[in-house]
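Engineer: Start from chain A and add chains B and C according to the hints.
Each chain, letter by letter, is given below.
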Amino acid sequence: MFIRNHWYVAAFAEQLGPAPLARTICGEAILLYRKSDGGAVAMHDGCPHRLVPLSIGMVEGDNIRCKYHGMVFSPTGRCLQAPGKGASLALTVERIYETAERYGMIWVWIGDAAADPAKLPDLPWLESPGWAQTRESFSIACDHRFVIDNLMDLTHEAYVHPETIGQTELMEAPVAARREADAAILERFMPDIDPPPYWAQMLGKPGRVDRWQVCRFTLPSTVLIDSGVAPVGSGGFGGDRAQGVTGQVINLITPSTEQSCYYFLIQARDFALDADAAMQARFNAAMRRVVQQDIEVLEAQQAYINAHPAARLRALNIDAGATYARLMMQRATGVKADSTFAGPVES
Amino acid sequence: MFIRNHWYVAAFAEQLGPAPLARTICGEAILLYRKSDGGAVAMHDGCPHRLVPLSIGMVEGDNIRCKYHGMVFSPTGRCLQAPGKGASLALTVERIYETAERYGMIWVWIGDAAADPAKLPDLPWLESPGWAQTRESFSIACDHRFVIDNLMDLTHEAYVHPETIGQTELMEAPVAARREADAAILERFMPDIDPPPYWAQMLGKPGRVDRWQVCRFTLPSTVLIDSGVAPVGSGGFGGDRAQGVTGQVINLITPSTEQSCYYFLIQARDFALDADAAMQARFNAAMRRVVQQDIEVLEAQQAYINAHPAARLRALNIDAGATYARLMMQRATGVKADSTFAGPVES
Amino acid sequence: MFIRNHWYVAAFAEQLGPAPLARTICGEAILLYRKSDGGAVAMHDGCPHRLVPLSIGMVEGDNIRCKYHGMVFSPTGRCLQAPGKGASLALTVERIYETAERYGMIWVWIGDAAADPAKLPDLPWLESPGWAQTRESFSIACDHRFVIDNLMDLTHEAYVHPETIGQTELMEAPVAARREADAAILERFMPDIDPPPYWAQMLGKPGRVDRWQVCRFTLPSTVLIDSGVAPVGSGGFGGDRAQGVTGQVINLITPSTEQSCYYFLIQARDFALDADAAMQARFNAAMRRVVQQDIEVLEAQQAYINAHPAARLRALNIDAGATYARLMMQRATGVKADSTFAGPVES
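Residue numbers (the UniProt record's numbering), protein chains in the order written: chain A, 1 to 347; chain B, 1 to 347; chain C, 1 to 347.
Hints in this document: simulated from the structure, not taken from any laboratory. Hints should not be assumed to be uniformly reliable.
Said to hold, decoys possible - Taking beta-carbon pairs under 7 Å as the criterion, some of the chain B residues facing chain A (in silico): (1) 49; (2) 50; (3) 51; (4) 52; (5) 53; (6) 56; (7) 67; (8) 83; (9) 84; (10) 88; (11) 161; (12) 162; (13) 198; (14) 200.
As the list claims (entries may be wrong) - Computed Cβ-Cβ distance ranges for the label pairs, DEER-style: (15) A:95 / C:180: 37 to 47 Å; (16) C:308 / A:14: 28 to 38 Å; (17) B:76 / A:141: 49 to 59 Å; (18) A:310 / C:309: 19 to 29 Å; (19) B:194 / A:310: 45 to 55 Å; (20) C:12 / B:307: 53 to 63 Å; (21) A:288 / B:272: 25 to 35 Å; (22) A:141 / C:308: 16 to 26 Å; (23) C:60 / B:126: 33 to 43 Å; (24) A:288 / B:76: 31 to 41 Å; (25) B:89 / A:288: 27 to 37 Å; (26) A:141 / B:333: 51 to 61 Å; (27) A:286 / B:132: 38 to 48 Å.
Stated by the list, open to error - Quick partial rundown of chain B residues pointing at chain A, CB under 8 Å, derived from the structure: (28) 29; (29) 46; (30) 91; (31) 334.
A virtual CB, placed ideally from N, CA and C, is assigned to each residue, including glycine.
Isolated chain A, as found in the complex (with noise of 0.2 Å):
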């Protein structure tokens, strides 16, 4: 059921030292750690000879050893030292993956073909000046396509974050949902409203604003959002932002098992770049605030599936952009049908 060569997130770059690191990726045990350059390997999370997690173990300098019998693999996966005299260094671990670090995460292929750099996103906002950003990473237990049909849905946060992103106005102005060649997208123009408390906070002018949410689903599991608002008629709907301010959420679902996934949210943005500590520290407690409303209803949509198993999502208009999504996933599986998905339906 996974979307196999791709790029997926293993961790945000500090999260990986020296240490292992164990994760399961796609459903396959992956240990990570880095090098003593710092480069990051990752393989198969289990010893050749006795199946005892590599990543219970120690790494030595650039290479792992198993803690049961002191087997010390290479981040090739090739054996350099067993136990025992003329000890066989035949084993090798499973399976080796490639690692990609770039806008500071790491990045594991999952495939058999070979791993293609071209595939990463493009995230500029992450290596650009200008740009601060807020970040935060979290395990859900459900299906991660409920996450992206979470994200991309732009009439749920009326209800479920109604405190802070929340607006009346959501549930007012149209959405449109079109496809692009590789892409799924849902966006909402809501031009000449009130800003909702976040939002006029962080544009710092008084008065009425243009407001925008654009989501964009790309392969296997990313959803960028480009929101923000600008004075009215100042040009955000057009592309000049300068009068405004933009966040740019990226939003890097991980597949973990059926039912389990990673979640590794940013949220670039070209405001508050001076914010100090406790600024920055109350923008991740809000991230996690928000998330948290996120995971109380997807992790309670998933045990409603576990307990109906016959049962299936319907798709209203509302939920064109995360119909797009799923079968853009269906595609690329080759699944015909998942197995909560019923298809589009007409509203």
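Structural biologist: Structure of chains B and C alone, referenced to chain A:
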């Protein structure tokens, strides 16, 4: 395996208010809440849109609003509001359940036939002056039929409840089981005995007593126990209870899953009518203590059966009451033999 | 998958008294208790009447009384008392197990053949003057064969137990495995080495030593490890241990379920015979610490195998001892190949 087209207790009346209450009854996920006029609503606990339990949502007036996208459903399951412009209101909640509020309890009708008010049990002691009551509810991790077995059994008290309601005479007095058209009955009369501590205190008179216990099972899962003592020869057995004290123990067991149930227990009494708060608290504490003793045994029984799926309950002559009740339940479900019950065994 | 018609340890003698003790041995639920004469009783842990574990009941004299209806069963499983007048005494406990108390342990015979006292292992150090002992028991959440693999392996000490019994020489000294008619043997002799900290302290003499380790597996799941040091050339290898110190480590592994076991560990020693309570407490603490290190690895190994059911253990030359033991176990169960073991692999 559940008996359908019957009323089951979902909650004591005081347990249901305007906040959503989630129950699983006979395997069905049900949301309950009270409308503004106090009427009870029961419906399938899942939003037909994205499969989130409605019970994590918000009751607004008479309606329930889904936590995820804010869809509003009426007590009849009709969609009154949906997100987005021109949104579909065609989705309906999968199932609405008939409810009844009677005897201080909320009853839900499970089944496809029309709800039949006449099938509510007759519990006059809960509506008559001259009777007080003690009530507690429990969740038990066992097949609900084990609770019925336990209640249709007048021999376990000596061992499970030795310090409260048990006494040696219980082991010695003959127990008689018989069948009526719509009931299984188990009864024991103990003439001219010393009363056990609880009953001696409640009677408040010195001397020996006649003690009676009459258990009556009716479908789907109700056990009424008429129990009391009266001075020897004063007519307690014959129905003249004027000199004695009587408890009507009303046991209502609601199947939840195949291995769990709710147990609503009420002891109506024609004595201690003026019990003050402290005495009433002692009655409740005693009730909880007795049931906890049963729960310990019942959950151990379920654990044994889970570990030994081929094992079958055996029935001795003392189990005749429970056996008659089991046979009534088998007939009602159309199941020839249930998975745990070997059928009656001569003793 | 369990080897039947053998004795298994159910408890250390001091762990069994008149109170009921529940064990699952080779998948069988067993109740144990001591009679008034101190004799051990073992029987199926379930009342034949209503399927409640007898181990929640009460031992009365030599008999066990079921908690539910008070049925009393004798040590032979016969019903001595049943509830109700004229009650049936025909029900019997499903199975009685032969027990033996020897070497300070309670043994239970698992199998349909007659219990054979001659099949108890020979453990003279537990009955001889001149020997003291340290004993601990453990429950481990892994296939019991992983514990045997671990004990028939003289290479893991350096990595799993580096600070206690491990030392570099262990990696360098040749290990020899061989088979006798009824045993698999793994041995290592390390002449003229510096003793590791533990042994240096126990020997209490300066200078280099000869160190030996001889592991002997016998069916069904016993591993005896003869281990010690003696001054270089003083005869320790040849059997004259007079100048040295010897530990006889007795490892008795009792399968519980397919993924859990009990581990009874005794180290008999011919040194430190006058250890005071504080020193003995240190021995016990050290034993628990060493085993906890093994348990960490063993439970991780089980978790890996659960997540990778198709994976197979590989055997290098260092695993020859464990491999011989596995082959003996396979032959004893009549299973051609067990689910986790790929068979011997040339190294």
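Engineer: Of the numbered hints stated earlier in the document, which are not met by this structure?
Structural biologist: 11, 12, 13, 14, 17, 19, 20, 21, 26, 27 and 31
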